[in-house]
Structures are given as C-alpha cells and as structure tokens.
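J.: Sequence:
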Amino acid sequence: MMRNTWFPQRGASRRLLNLVLATLLAAATLVFVQGTPALAADVPSVTNPAWPDKCGVDIVMVFDASNSIEGTDATLMKQAGTEFVDALTGSPSNVAVTWFRGIDRRGGDGVGGTQIPLTSVATSGTDVNAAINSIAFPGAGDDGGTNWEHGFNTTDPFPSADIILFMTDGNPTTFNGSQDLGIPPPDPEDVDAGVTEANNAKLAGARILAVGIGTEISNENLKRISGPTQGDDWYLASDFADLINKLPDIALKLC
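Each residue of the sequence shown is one higher than the one before, counting from 1 in UniProt numbering.
Honestly, I wouldn't trust all of these hints.
Calculated pairs, DSS-like style, for lysine-lysine (alpha carbon to alpha carbon, straight line, at most 25 Å) [claimed, not checked]:
| no. | residue 1 | residue 2 |
| --- | --- | --- |
| 1 | Lys253 | Lys54 |
| 2 | Lys54 | Lys246 |
| 3 | Lys223 | Lys253 |
| 4 | Lys223 | Lys246 |
Quick list of the computed label-pair ranges, beta carbon to beta carbon [claimed, not checked]:
| no. | residue 1 | residue 2 | range |
| --- | --- | --- | --- |
| 5 | Gly113 | Gly231 | 15 to 21 Å |
| 6 | Ala122 | Asp156 | 20 to 26 Å |
| 7 | Asp104 | Thr72 | 35 to 41 Å |
| 8 | Gly90 | Asp156 | 25 to 31 Å |
| 9 | Gly108 | Asp42 | 31 to 37 Å |
| 10 | Asp86 | Gln230 | 33 to 39 Å |
What the hints contain is simulated information worked out from the structure, not anything from laboratory work. C-beta atoms are modelled at their ideal positions from N, C-alpha and C, and glycine is treated no differently.
Based on the provided sequences and hints, a complete structural model is requested.
T.: This is the structure we're talking about:
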C-alpha cells in the first residue's frame, strides 16, 4: 500500500518540477530576446526653483535634434525658437543655445553641445537666431536616439543659468554609456538618467521649463524633469506648428 501511494506522489512532484522548470526556461528565453531588463528605479525629482523675480535672465535653450525631428518639423522648431528670442529681444537677457541627440556608439558618449554661448539680446537677437537656424537636424542615424541626460549635460557650461528651456518631442530612449543606441520604448534607466541631470541643474539654481511636442511624450516624464504644474513648470504643444504659439508666450512671462 505504501508503494502504491508513493509513486503517484512522486509523479505529481515530478510534474510540478517540470512545470517550474518550463516556466523558468520561458522567462529566461524572454530575457534573452528582450535584453536585460532595466532596473525599476525611480529617481525622485527635486523642487523646481521659483521663477526669477527680475527682468533680464540667463536662459539656455535646449533643442532635441533626434531622428524623429527633420524636414518641416525641424524648420518649424527653428522658427519657434527664433520667435522666442524675438520676444525677449530688448530685455537685458542673455541666451545660449544647445542641442542633443543620442549616443555616438554603444557604451559611448552623448551627442550634442553648444551652438552659441550666452549672448546678449538687449539690442538684437540676430546672432542667437542665426545659431538656432544653423542647428543640424540630420534625421535618421545610429546616434539619433533621445538622450535627456546629455541634453541637460549640454547646459553644464552655463552654471549661471536662471532658466533652462528644454524642448523635446519624445521620451528618452538612451543615456550616456548605454548599450542601447535608442530604440523605443524607453527603459526606466533612460528616464532616471535624465531626471538625475535635471535635478543637478535645479540644485545649481536653474528653473527648468520642459516643453513636450506632439503626442509621443509622457506628461509624467515632463513633470519629473521640471515640476508638477502644467503651464508653469511644463508645457505641451500639440505639434511643431503649435510650438510657435507656445514659446513666445513663455518668453513674455520672463520679462
């Protein structure tokens, strides 16, 4: 009787073991196909500094020049940028322009940099506008991911910045040193790297105004790099044509 009872239990145990092994194998296969899953980290956002209480500020305009922005969209983005500068011209403000894309190779550095350093627009915005119009939007390329971390790194040469105007049409898809060149969807690591650098800029005293363009960007991610309030910390433009309406209004809040 004991032998008749033992073998069915052993068979059930073996079936259970086989089921567990099959489940583990399926999970391992999924990880192999999809790559190592990102850590589910969540870097907290530090408080966005207050709006400057003066007319005449140092502003860094940061342009997303990733693969998704080319042709007409790139032209409209430049127009929106120059209209922002025109709205500031005549004020005792200084404007710098930077741009960013992805990384230059797997495990590599961020792509992007300074287009023009802080330049007075007290009497003319011509030089700044020329710099904006000379930004290259090359479209498709291996370095064309969206690297928010490096976007904020491009502002490092300007520690006196009062405002960082950060314009992007998508969630981050890579970060400095990543093995991923920037294929959506984003990993939490991509976002966290951007939030970390945004925090550093805020702690240095810059208020971040995050402007999302289009429908492919997360409101929550915009909040994390700026602050909680739409129309004050972060903004949405329905498309690049709408960006032309949004940016001058932001400029008028500054002076």
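J.: None of the hints should be skipped; say for each whether it holds.
T.: Each hint, compared with the structure:
no. : hint                           : in the structure
1   : Lys253 with Lys54              : holds, 11 Å
2   : Lys54 with Lys246              : holds, 21 Å
3   : Lys223 with Lys253             : holds, 19 Å
4   : Lys223 with Lys246             : holds, 17 Å
5   : Gly113 with Gly231: 15 to 21 Å : violated, 30 Å
6   : Ala122 with Asp156: 20 to 26 Å : holds, 25 Å
7   : Asp104 with Thr72: 35 to 41 Å  : violated, 27 Å
8   : Gly90 with Asp156: 25 to 31 Å  : holds, 29 Å
9   : Gly108 with Asp42: 31 to 37 Å  : violated, 26 Å
10  : Asp86 with Gln230: 33 to 39 Å  : violated, 25 Å
When held up to the earlier numbered hints, the structure conflicts with 5, 7, 9 and 10 and fits the remainder.
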